[in-house]
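*Asks:* Order-wise, the sequence lines are chains G and U. Just so we're aligned, residue 0 is where the first sequence starts under numbering that gives the first Met the number 0, counting upward by one. Just so we're aligned, residue 0 is where the second sequence starts under numbering that gives the first Met the number 0, counting upward by one.
Calculated from the structure, these hints are not laboratory results. Idealized CB from N, CA, C, for every residue including glycine. Heads up, some of the hints might be wrong.
To be verified - Derived lysine-lysine pairs resembling DSBU-like cross-links, with alpha carbons at most 35 Å apart:
#1 G:K296 - U:K278
#2 G:K74 - U:K94
#3 U:K270 - G:K70
#4 U:K270 - G:K296
#5 U:K81 - G:K216
#6 U:K278 - G:K303
#7 G:K207 - U:K94
#8 G:K70 - U:K81
#9 G:K74 - U:K278
#10 G:K74 - G:K207
#11 G:K303 - U:K270
#12 G:K207 - U:K81
#13 U:K278 - G:K216
As the list claims (entries may be wrong) - Listed next, the stretches of chain U that the computed footprint assigns to chain G, with coverage defined by at least 3 CB atoms under 8 Å from CB atoms of chain G:
#14 165 to 178
#15 237 to 249
Stated by the list, open to error - Calculated Cβ distances over 12 Å to all of chain U for the following chain G residues:
#16 M35
#17 T119
#18 E127
#19 Q328
Single-letter residue listing:
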Amino acid sequence: MKRLKKDNVVSFLKEMNKKEKVFCPQSVDGRDLMFMPLEEGVYTGNIGKTTISAKTVLFPQTEEILSFTEKSISKTIDASKTLLFGIRPCEMKAIQFVDQFMTRDNFIDPHYQSRREKVTTIAIACHEPPSDTCFCVDAGGMPYLENGYDVQLFDAGDYYMALSGSEHGEEILANKYFEKGDEEDKERLEEIKNKALHSQKNSPGMQKAIEILRENKPDEAFWEGLADRCINCGGCVYVCPTCTCFNVYDLPSQGGHIRCRSWDACVHAGFTRETSGHNPRPTQGSRLARRHEHKLKFDIVNFKESGCVGCGRCSDTCPVGLGAIEIIQELNAL
Amino acid sequence: MKKEAETDLIFQPNLARIEGILPQIAEHRLFQLRFVDEDVVRAFSHAPGQFVEVTVLGVGEAPISISSPPTRPGIIEICVRKAGSVTNALFELQKGDLIALRGPFGRGFPLDLFRGQDLLLVAGGLGMAPLRSLLQAVLDDRASYGDLVLMYGARNPDDILFKYELLGLMNRTDIKYLLSVDVDEEGIWRQYIGVVTGLFERVELNPENTFCGLCGPPIMYRFVVQELLNRDIPTERIFVSLERMMQCGVGKCGHCAIGEYYCCTDGPVFKYSEISHIKEAI
Chain G
0 MKRLKKDNVV
10 SFLKEMNKKE
20 KVFCPQSVDG
30 RDLMFMPLEE
40 GVYTGNIGKT
50 TISAKTVLFP
60 QTEEILSFTE
70 KSISKTIDAS
80 KTLLFGIRPC
90 EMKAIQFVDQ
100 FMTRDNFIDP
110 HYQSRREKVT
120 TIAIACHEPP
130 SDTCFCVDAG
140 GMPYLENGYD
150 VQLFDAGDYY
160 MALSGSEHGE
170 EILANKYFEK
180 GDEEDKERLE
190 EIKNKALHSQ
200 KNSPGMQKAI
210 EILRENKPDE
220 AFWEGLADRC
230 INCGGCVYVC
240 PTCTCFNVYD
250 LPSQGGHIRC
260 RSWDACVHAG
270 FTRETSGHNP
280 RPTQGSRLAR
290 RHEHKLKFDI
300 VNFKESGCVG
310 CGRCSDTCPV
320 GLGAIEIIQE
330 LNAL
Chain U
0 MKKEAETDLI
10 FQPNLARIEG
20 ILPQIAEHRL
30 FQLRFVDEDV
40 VRAFSHAPGQ
50 FVEVTVLGVG
60 EAPISISSPP
70 TRPGIIEICV
80 RKAGSVTNAL
90 FELQKGDLIA
100 LRGPFGRGFP
110 LDLFRGQDLL
120 LVAGGLGMAP
130 LRSLLQAVLD
140 DRASYGDLVL
150 MYGARNPDDI
160 LFKYELLGLM
170 NRTDIKYLLS
180 VDVDEEGIWR
190 QYIGVVTGLF
200 ERVELNPENT
210 FCGLCGPPIM
220 YRFVVQELLN
230 RDIPTERIFV
240 SLERMMQCGV
250 GKCGHCAIGE
260 YYCCTDGPVF
270 KYSEISHIKE
280 AI
């Protein structure tokens with residue numbers, strides 16, 4: 000185990016940034032906490048919970064996937080070495096979940112995969128919940144990680160305790176900014192973990208909600224009633240670390256055209272509308288049901304785990320109070 | 000296709016040339032396509048019911064089912080209705096022009112399972128486009144299958160796809176071809192008038208060994224499946240081809256999700272038993 004002084008974080012990140020692109024939580028205009036390239040915002044030391052997760056790095060809001068002229072087609076893959084510093088355990092879990100989805104059935108998404116292979120993760124465990132809407136423990140997760148990371152940091156006051164979770168993590172811990180800790184660090188770590196586990200108060204009851212959905216308890220009226228409030232802005236989808244639906248379109252470009260993809264959202268009416276005008280999901284209730292059944296029912300069928308990691312971002316963002324927490328509570332009340 | 004190649008291939012189409020354009024009914028054309036690269040031509044093989052993603056360069060991409068059978072490789076035929084931006088642009092193109100294709104994608108009709116069994120094919124409207132691939136595949140290897148019935152329901156006599164090609168089946172003894180139209184305003188129709196389920200009175204189906212391949216609008220499925228269940232056909236021998244907005248073709252973009260499935264990779268052809276529990280499927 001090593002230590003990284005909080006005062007040294009920026010120097011460490013700046014040094015890393017010379018070799019690879021560093022992303023970390025930064026403050027924008029003194030307000031929003033965003034996960035963005037180093038020095039595009041202000042690193043204040045507040046890791047918190049970024050408005051949008053690190054998904055933006057692996058699966059950008061818009062990206063070019065092909066370019067073509069009249070006689071040739073070429074694929075555009077732009078992946079460079081990237082360091083994600085300060086992702087939370089729930090985000091790491093979300094990345095592991097999306098990894099499964101993006102490589103399922105031997106259909107490997109080349110754009111996601113090429114970025115993923117070049118990503119180093121330095122996760123920071125949540126010694127206390129970064130916000131009231133955090134419910135990772137209720138969602139079957141933990142405020143710290145057992146695996147999947149390269150380095151995991153634990154907040155110990157004016158320094159972080161650092162564990163490596165991979166060979167590459169070992170290499171990072173060899174950096175001069177990581178100093179040797181003392182004998183008591185191990186004990187301190189257990190204390191932090193234990194405190195973290197018991198500090199989360201929010202438990203909307205996801206397991207029960209999963210059961211209720213599995214038993215097909217909610218009817219059309221349940222969803223339509225809730226959907227009366229939904230303004231189908233798509234905010235819940237965009238901030239979700241496991242939502243990866245996208246729309247594909249062509250645009251004119253110098254000397255030809257490019258094909259792009261952008262985030263799309265299943266709560267939009269046009270998401271399933273076919274060219275004929277027929278829409279297999281014709282009501283807002285059916286779309287709201289889809290969004291939540293996808294995470295809490297169908298992902299369990301396909302991946303044996305829920306697609307909701309309990310980060311609470313949808314509940315933070317939804318202007319009408321229809322995030323996962325509220326939906327889970329409504330399901331529990333059935 | 001080779002598994003190791005799929006990483007590179009999934010979003011990248013290959014150039015193909017329009018080798019022929021055969022007009023069909025109003026607003027429908029049959030495009031005959033061939034990949035420019037002969038290696039790609041040789042590597043391409045499909046099952047009836049599978050689809051390709053068709054790119055009109057600079058306009059976009061649309062999923063279109065393959066109308067030609069795997070028994071006639073080389074030329075890929077797609078029957079297209081002029082409906083959206085991509086198909087409108089496709090209708091502007093001429094013989095010799097280049098487009099691009101990805102695929103084939105999805106799960107088609109299981110010919111291996113059908114061999115040696117009786118087959119009932121039921122098409123409604125443009126559903127004849129993918130079903131033609133299955134029909135021709137069976138006819139090209141006729142001895143390998145049992146009794147063959149084709150029921151095709153169109154809106155009116157002017158809306159029958161592959162009309163003359165299918166007329167040729169009327170005189171064959173190795174296929175029972177039943178045709179219906181919903182309405183006949185001009186009074187010229189000499190065959191059945193009414194919905195396609197009305198044709199069931201004219202056939203005997205053996206529930207022991209009949210497989211069914213259905214392709215048409217959702218409303219047709221509701222009634223035809225009921226007819227089949229009334230005749231004791233097991234739900235796992237009823238195959239339906241579902242239509243959804245399949246953008247990426249490889250189960251990633253999410254538009255075509257149906258319950259726990261993705262229409263583009265788990266379908267578009269499903270056993271009825273696989274989807275009967277999903278409310279939004281049909």
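*Asks:* State for each hint whether it applies.
*Replies:* Verification of the hints:
In summary, the hint linking K296 (chain G) to K278 (chain U) is supported, as the alpha carbons are separated by about 14 Å, within the 35 Å threshold. A C-alpha spacing of about 27 Å is found between K74 (chain G) and K94 (chain U), which places the hinted pair at or below 35 Å, so the restraint holds. A hinted pair counts as satisfied when its Cα atoms are at most 35 Å apart, and K270 (chain U) with K70 (chain G) does not qualify at roughly 41 Å. Of the pairs offered as hints, the one joining K270 (chain U) and K296 (chain G) holds, with about 21 Å between alpha carbons and a cut-off of 35 Å not exceeded.
Taking the CA atoms of K81 (chain U) and K216 (chain G), the gap is near 42 Å; set against the 35 Å cutoff, the hint is violated. Our distance criterion of 35 Å between C-alpha atoms is met by K278 (chain U) and K303 (chain G), whose separation comes to about 22 Å. Taken as a hint, the K207 (chain G) and K94 (chain U) pair is broken in the structure, with Cα atoms around 60 Å apart against an allowance of 35 Å. Restraint check for K70 (chain G) and K81 (chain U): satisfied, since their Cα atoms lie roughly 25 Å apart, inside the 35 Å limit.
For the suggested pair K74 (chain G) and K278 (chain U), the alpha carbons sit about 38 Å apart, so the restraint of at most 35 Å is broken. With a CA separation close to 45 Å, the supplied pair K74 (chain G) and K207 (chain G) exceeds the 35 Å bound. Only pairs whose Cα atoms come within 35 Å are accepted, and K303 (chain G) paired with K270 (chain U) is accepted, the gap being roughly 23 Å. With a C-alpha separation of about 48 Å, the suggested pairing of K207 (chain G) with K81 (chain U) is violated against the 35 Å cut-off.
With a C-alpha separation of about 14 Å, the suggested pair K278 (chain U) and K216 (chain G) falls inside the 35 Å cut-off, and the hint holds. Counting residues of the stretch 165 to 178 of chain U whose C-beta lies closer than 8 Å to any C-beta of chain G gives 0; at least three are required, and the coverage claim is violated. Coverage of the stretch 237 to 249 of chain U by chain G holds [criterion: at least 3 residues with CB-CB distance below 8 Å; count 6]. The Cβ of M35 (chain G) lies farther than 12 Å from every Cβ of chain U, with a closest approach of about 25 Å, so its non-interface assignment holds.
Remark: the non-interface label on T119 (chain G) is consistent with the geometry, its nearest Cβ contact in chain U lying 22 Å away (cut-off 12 Å). Every CB of chain U lies more than 12 Å from the CB of E127 (chain G), the least distance being 35 Å, so the non-interface label holds. For Q328 (chain G), the shortest C-beta to C-beta distance to chain U comes to about 24 Å, beyond the 12 Å cut-off, and the non-interface label holds.
Going through the hint list in order, the structure does not satisfy hints 3, 5, 7, 9, 10, 12, 14.
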